[in-house]
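Residues per chain are reported as follows:
Protein chains: 2
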Amino acid sequence: MYLRKDVARGVDGTFMWLMEEIGELAAALRHGTQAERAAEFADVLAWLATIANVVEVDLAEAILQKYGRGCPGCGGYVCTCPDAGKP
Amino acid sequence: MYLRKDVARGVDGTFMWLMEEIGELAAALRHGTQAERAAEFADVLAWLATIANVVEVDLAEAILQKYGRGCPGCGGYVCTCPDAGKP
Chain A
12 MYLRKDVARG
22 VDGTFMWLME
32 EIGELAAALR
42 HGTQAERAAE
52 FADVLAWLAT
62 IANVVEVDLA
72 EAILQKYGRG
82 CPGCGGYVCT
92 CPDAGKP
Chain B
12 MYLRKDVARG
22 VDGTFMWLME
32 EIGELAAALR
42 HGTQAERAAE
52 FADVLAWLAT
62 IANVVEVDLA
72 EAILQKYGRG
82 CPGCGGYVCT
92 CPDAGKP
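Protein chains in written order, with the numbering used here: chain A, 12 to 98; chain B, 12 to 98.
Hints may be right or wrong, so weigh each one.
Unchecked claim - Straight-line Cα separation of at most 30 Å, BS3-like style, residue types lysine-lysine; simulated pairs:
(1) B:Lys16 - A:Lys16
(2) A:Lys77 - B:Lys77
(3) B:Lys16 - A:Lys77
Worth flagging that the hints you see were computed from the coordinates, not collected in a lab.
This one's a predicted model, so the numbers in the text were calculated from it and none came from an experiment.
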């Protein structure tokens, strides 16, 4: 939807927009309604997807590769890694 | 996959992990291979999804609501908003 503009803007400029939306998401998580939170989550995901498009990473394939067979740590679909571990 | 841990950690603590992954994505965009970039995109999306789960926002529904009918600005599936506009 935004590929032409984002390619013209470049990764750095597009990443700045992602950061702006991350800030708006943080604010919505603190003070927003559920509808405002949902809209900010959508914006963050949209900017993430568009940066992936610019650098030719397939976001759906990336998530399948890393998490499609369960937690990369313990292999479970409900993670049972020690709580002190990374996630 | 990580809901139990993330609920226990809370939104603030989970958001910090998202920020760490955002930093790793920025580094991978600058210096990483395509495989490293893909893995970092997956991590950012995973943390975004898990925060959405914690606050009971349906991420798929959120993106459909905001972008499912095209660009919220111009309505096009290829955005034709003025380049000076927000995205």
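Here is how each hint holds up against the structure:
no.	hint	verdict
1	B:Lys16 - A:Lys16	violated (39 Å)
2	A:Lys77 - B:Lys77	holds (27 Å)
3	B:Lys16 - A:Lys77	holds (19 Å)
Hint 1 from the earlier list is the only one contradicted by this structure; the remaining hints agree with it.
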